[in-house]
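S.K.: Using the hints, position chain B against chain A.
In case you want the letters, here they are:
Protein chains: 2
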Amino acid sequence: MFISLDLETEEPIYTQLKQQIIEGIAKKELKPGEGLPSVRSLAADLGINLHTVNKAYQQLKQEGFIQIHRQKGVVIHPDGVQKADESYYTTLSAKLRPLIAESICRDVSLDEFQKLCLQIYKDFEKRSES
Amino acid sequence: MFISLDLETEEPIYTQLKQQIIEGIAKKELKPGEGLPSVRSLAADLGINLHTVNKAYQQLKQEGFIQIHRQKGVVIHPDGVQKADESYYTTLSAKLRPLIAESICRDVSLDEFQKLCLQIYKDFEKRSES
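Chains A and B, in that order, are what the protein sequence lines are.
As numbered in UniProt numbering, residues 1 to 130 make up the first sequence, in order.
As numbered in UniProt numbering, residues 1 to 130 make up the second sequence, in order.
Rather than coming from a laboratory, the hints here were simulated on the basis of the structure.
All C-beta atoms, glycine included, are put in the ideal place defined by N, C-alpha and C.
Careful, some of the hints might be misleading.
Facing chain B, a subset of chain A residues (Cβ under 10 Å, in silico) [unchecked claim]:
| # | residue |
| --- | --- |
| 1 | ILE25 |
| 2 | GLU34 |
| 3 | ALA84 |
| 4 | LEU92 |
| 5 | VAL108 |
In isolation and in its complexed conformation, chain A is listed as follows (with noise of 0.2 Å):
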């Protein structure tokens, strides 16, 4: 999996690590049980710090993506991530109010927003079928 970092955004180093993880997981380049790279040596290949990558995979690890091992090391949880639960739904939909709000702001129809979300749902399906 391709990793690329923008190191020129407000957007912490360990936040887009993390992302772009699980939209390897989303886009299914990133299969149940796979193993990653260790903390040091992708830490190394990126040319970032290690406490980065670590502060990245214990978050990845709490939020039930991701196991490490002492003795396998990193892999994406074998049993795939837990499914959406109430808990799941509460956070979700108070990431997207402050999201919607603007948009109605700034004149964006239910529809228009709709649309986009469903570009960017079929961007990581097609994805994943290839």
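M.R.: Chain B only, in chain A's frame:
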């Protein structure tokens, strides 16, 4: 308009303040040309730092939600907020991607995702009609 801040979340106070003002505009509780409290008085009312309010107001000004006049004080932009352009859609899309990627990992269908957006849109519109 009632502003409630959560001092326990990770979300910075200035971001919360900014988002609530944007939500107020989306719900039409705050109308074009309407005055907002001065930095000093809002900071005192909410019991937060002057700089926090100032940071929120400066960003709202930069993004075209409010105007800050030396004499008239702070007002919701009288011409309304600038409509979504291509650059807004690019930013919105970049913010939606990680939410959609995680939702796909957690087996949230496009239909469920769009229904959630619909609910939030309706929630804002209901309040703007009441």
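S.K.: Work down the list of hints and note, for each, if the structure agrees.
M.R.: Evaluated hints:
1. ILE25: Holds, about 5 Å.
2. GLU34: Because about 14 Å separates GLU34 of chain A from the closest Cβ in chain B, which is outside the 10 Å limit, the hint is violated.
3. ALA84: At 4 Å from the nearest chain B Cβ, ALA84 of chain A passes the 10 Å test, so the hint holds.
4. LEU92: 6 Å, holds
5. VAL108: 5 Å, holds
The structure fails hint 2 only (numbered hints given earlier).
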